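If you're matching them up, the sequences are chains A and B in order. Under the numbering used here, the residue at position 239 of the first sequence is numbered 239, and the numbers go up by one with no gaps. For any residue, its number in the numbering used here is found by taking its place in the second sequence, counting from 1, and adding 1000.
These are calculated hints, taken from the structure and not from any lab test. Remember, predicted model here, so these are calculated numbers, not experimental data. The C-beta atom is built at its ideal place from N, Cα and C for all residues, glycine as well. Hints may contain errors.
Unchecked claim - Restricting the straight-line Cα-Cα distance to at most 30 Å, the calculated cross-link-like pairs of lysine-lysine (DSBU-like) are:
#, chain 1, residue 1, chain 2, residue 2
1, B, 1056, A, 182
2, A, 186, B, 1252
3, B, 1091, A, 440
4, A, 186, B, 1091
5, A, 180, B, 1056
Unchecked claim - Simulated restraints, written as ranges between beta carbons of each label pair:
#, chain 1, residue 1, chain 2, residue 2, range
6, B, 1298, A, 35, 46 to 56 Å
7, B, 1195, A, 208, 14 to 24 Å
8, A, 35, B, 1064, 53 to 63 Å
9, B, 1048, A, 452, 21 to 31 Å
10, B, 1331, A, 369, 23 to 33 Å
11, A, 275, B, 1194, 52 to 62 Å
12, A, 90, B, 1048, 28 to 38 Å
13, A, 327, B, 1298, 23 to 33 Å
14, A, 269, B, 1195, 34 to 44 Å
15, B, 1326, A, 528, 48 to 58 Å
16, B, 1062, A, 379, 33 to 43 Å
17, A, 198, B, 1190, 22 to 32 Å
18, A, 226, B, 1195, 36 to 46 Å
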Amino acid sequence: MRSWKKLLILSMVLVFVFTAFAAGCSNKNAGTAKSKDTFILATSNQAPALDPANASSNAVNRLVALLYDGLVTYAPDSTKVVGALADTWEASPDAKTFTFHIRKDAKFSDGSAVTADAVKFSFDRAMKVGKMAASAWSGIIADGTITVVDPSTVKFTLKDPTPSFLAMMATPAGLIVNPKVKDQYKGDDNGEGYLVDHAVGSGRYTVKSFTPNGDAVFVRNDKWYGQKSAIKNVIVRIVPEAATQRMMLEKGEIDMIEGRFLDWDTIVQLGKEDGITVPEVPGMDILRFILNSSKKPFNDIRVRKALAESIDYEGILKDIYGGHADRLLGGIPKGLLGYDANALKYEQNIDDAKKLLKDAGYPNGLTLELSAGPIDLWRKVATKVQSDAAKAGIKIEIREYALPALYQKMSGGDFAMGMSGWTPDYADPDYNVWYFFYSKNAGAGYNWAFLQDPNVDSLILQARNTVDEATRANLYKQITQITNEMSVYIPIAQPHAANPMRSWVKGYVLNPMNVWALPMELMSKNPQ
Amino acid sequence: MRLMNYIVRRLALLIPVLIGVTLITFLVSEAVPGDPAQMMAGPQANPQVIAALRVKLGLDKPWSTRYALYLGHLVKGDLGTSLQTGRPVTKELVTALPATLELGTAAVILALLVGVPLGIISAYRKDRWPDHISRVFALTGVAIPSFWLGLMLLLVFYMVLGILPGDGQLGIMTDIPKHITGMVAVDALLTLNFGTFFEALQHLVLPTITLGSALVGIVARVTRSSMLEALAQDYVRTARAKGLTERVVVYKQALKNALLPVVTVIGMIYGYALGGSVLVESVFSWPGMGMYAVRSIQMLDFPAVMGFTVFIAIMYVFVNLVVDVLYFYIDPRIKVN
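Construct all of the structure, not just a fragment, from the sequences and the given hints.
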């Protein structure tokens, strides 16, 4: 019988007909990024909701910053604070009172005016929601201290002098919500349910569609007061797999990839391809090791220094980052006030490290655990440090945890050596220094090194309440000098930020602080 | 009526299954370090905000109380609220389910279309070259990691040949058809939107092959062994002796009897296709339950992880029940008791 052959042929034909039929319809959507009206960004970074009161990640920040405006914002290419909904403002000399004047032409996307009442409402709502924005403001703004002076003037009276207030106001925590959202409240949810996939802002775009943790499709808000973007639609497409993202960019189906999750080999290779460019800036993201100074063995400064002197820093920057990172010199990255290019730094000196260990009572070296996270780049750095430290007699066992678990572990002090990245939410050194070194923040407050030093505490408090910039910068340099000497953190790298994109995208600039930002008003496309 | 009783008894079995599944998942999520309240409040959170969130989320209560509350809600079909989006987990899972069902069903259909004929050929030509080819094909399908296969298929059919799309259920600019079943291809067909239907089919091709390749191997091997057994039976020899054609012997006599284990395996692979599509969904940006589960695990969104686990457990029980019920129709010898 020949029927098996027929059967084989039939089933194969069925599969191929299905494939060919589908394929034969030709892929009409190939090259949608080739439309000059639509900008498409692919990222693996999912945004769960569009509520500015809970802008909890870069993914959410990027979206809410297109849909909402704050009183002030950062200039597209720097950390300079510039006007947004407010065109002018005044700060009292003691940096405790800030008065903002709202532009007359500022409108929400429904056409209603942005008023001082709306500003007050937004901050009150953020506090009630009790999430990210509330965390940012609750230590700074007391209840009932936001005053509506007149419909276009609003005054903030702060608990303490806060020179970094304007920088904080420029973050997504300061975005203004249309009070009409009250019509959408369900029970006591403060509109959180509604704002998952709707927006009530005054930003450059409005929501066409949004799926939580899925794609976002935004259309230009033609009522926006500023210079409108040449690009009508913005699409943020969730593509979890980096290899798929890369193929889509190469095919010209998307305009840009969020580079934060790509390794440098891929970014460099993409940059060499025709039709693709890679804008790159020194970012403010940092990578450091954290040594728990409250426990053995790192309660001994000699052991901390021994580890610091066992690491080949330049090797890490050259071999792992391919030169696309700067050496980190303490808690304050390059680009922030108070950065000190001449800060005390350690270099690899194995003999010295061995001697320090011997003095500390470890003549035969020691073994310790490094708590790390499941990030490929961290893995590479951790492995390199493991092999460096072994030369000095420090045997490191690397153990990986899911990020939330890692942070919990470090917050609880249940570790010897940890590693972590960190990006400041606003462009002020206080953001880093306050969390890293202030004694009361030990543990859950992100002083994971459990540093307790009254001298450092007093300098931090003095710096955060000082208005004069030069004096502040000096204070931060002192803090860096002292904490580097203590060596409770081992600063490693300040990686560059780079977002590979099609060369037909014009006008895009990468903000060193907000690497997630899309300055759509400057951007246009000229696809071939 | 007896069948009805049987179905009710089987559904009652869901209760211990669900208690077991939820208890284990609950205890595991208790054991994992990480405070969801702190994650939600963010890096600048002060202790008051975190404490308030803990109360709001019920994290201040002991685990046994929270577990009892969870079971109470589960009975009402409420799987809790996602810590990340603040939306009901049930609603989110129902949104993500159709995409996974669509892909899983397509993969199972592919597995049957290719696997069953392959198995029959293998059995009929045992130890001859068609059997060897089929064996290599089946084992390769099972052995190749779906993640790698997906990327290779993308590279060839999307990147180099450019004949098939690479990601998602539809093109970036295509409007999703009106929601009827939630399965994009089906909805497009039901709304007579043929352009979108064909586009959805194109988008299905590569993920279906990726997910289905492992299933093809399983179906082919089960069909083969079951067919071999059937072909060796006396009734087959009798049929041949009676002078029936090979076609009748193989398809009418042997295949019918050999199908029972294949039906069993359909239940298994369907469950696998639903729960195991995680990597395939990631490679092809397929917005289904797999992607939902991965993200929830990464973000320690415990209610979402629990919800996913419960959902998959229910699906497994349900699919296997359907398979068991199918037995009665396929094989009249099987009785309810």
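Exercise. Which of the numbered hints above does this structure break?
Worked result: 2, 3, 6, 10, 11
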